[in-house]
Amino acid sequence: MDGRRWWDVAFGAGCVIVGALVSVSAAGAPERAVGVWIVLAALCLVYYTAGRRTLERPQGGLWFAITLIALTAVGTAFSPNVLTLQCLVFPLLWVLTPNTRNAIILNIASAAALAVGFIVGQGAAPEAILQGLAIQSVSLVFALSLGLWITRIAELGDEKARLLVSLQTAQAESERASREAGAAAERERMARDIHDTIAQSLTSVVLLAQRARSEVGETVAGTPDASPLDGRPIAALDSIDLIESTARDALREARSLVATLAAMPAADTTLGDSLRRLGERFSRETGVVVEVDAPSERFERAPEVVLLRSAQEGLANIRKHAAADRVDLVLTVDDGWAELRISDDGVGIADPEGALLGTSPGAGFGLHGMHDRVTLLGGTVELTSAAGAGTTVLVRVPVTIEAGPSTGSGTTNGLPVGSPSTGSRTVEDGR
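Residue numbers for the sequence shown follow the working numbering, so the first one is 1 and each next one is one higher.
Calculated directly from the structure, the hints in this document are not laboratory data.
Please note: incorrect hints may appear among the correct ones.
Label-pair restraints from in silico Cβ distances [said to hold, decoys possible]:
id, residue 1, residue 2, range
1, A316, A386, 16 to 24 Å
2, D335, W149, 19 to 27 Å
3, E31, R57, 48 to 56 Å
4, A212, A316, 50 to 58 Å
5, T384, A316, 53 to 61 Å
6, A302, E353, 37 to 45 Å
7, Q168, A386, 19 to 27 Å
8, D335, C87, 56 to 64 Å
9, G287, T332, 24 to 32 Å
10, S174, S137, 52 to 60 Å
Just so it is clear, the structure is predicted and the values come from calculations on it, not from any experiment.
Don't be surprised by glycine CBs; every beta carbon is placed ideally from N, CA and C.
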């Protein structure tokens, strides 16, 4: 049974009890009993038709509070037994007025009105005046004391509820941060393991292939024309070239995986910082000029990951297919949306829509996977391209900014001096 149902039962029971007391005590004055029953009927009518609804919306209960005080005072004028209803009137006034000051004022007004009703009902004799003032003074002190005490308890309960919500929020945030930190540590561990095992092993394979080519070349140079080797060193050179080419491709893929793992935004970095690092690494590895313009704003985790993955996929496609000399990465935020623009000046795509939806012949999974990932967040992907005119990928996702933007934005240009070109046979040290 909820709070309003309890009030319904208490109000009805109080009126019935008061009516019975008045009927028993007013045997010699039936007109007083009739007057009391009329007042009680009016009270019940007002309460059960409209007044009880104000218990759920106390801001509009002033009219009911005034009506309750007036009718109870009139009933007290018929019989002093009606003062028993004070047990309901004073608590109801506290419930109907959420403002403590207004509740105190209404309690004082109620005590005064009931005192007047009592004095009028007793004939305004001096004894009745003193008795009425004494009764209502004691009732008022008790009502204010009890009301203020319960109000304080309710305020403490509300404060504890707010503190509990804050604590639960802080715990959830701590758990999220802990999960993200654990995931970031695991990615870093995987990146180190790949770098220290697969990448280093592939580097060794490339070096061994280069040494074998050199040794076979010396053998060929020192072999007479009529050598029984019968051209096999030449075939061995082709096989060694194939081994080296395959190892280089695998090494490049391993390093790309390491870069992908290392480029994930950590808890203490922003998406703009991650995009700048990604652009610097791409420029260093390919020699393509990369311009990155991104504000240092923090978003929710999901859109940050989607935007960074989209940038990685866009750069991977440019590396494989575009033959571009320049790439622009531009991140903008406006009206709850983040927009990432990836543009290149490469050869372009003949069927942009088919490449995005994965329906064109030979289309890979990269752009189609990007489209699916962005769509899951309620975002959009637009791909514009023409043969020989470059390609632009526009990714838009809804975001919530967690911290204000700073002035930091970055630009990455060119290939560092001493970096190997794509055609060089020099093997990097795996860093």
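Among all the numbered hints in the text so far, which are the ones the structure does not match? 2, 3, 4, 5, 6, 7
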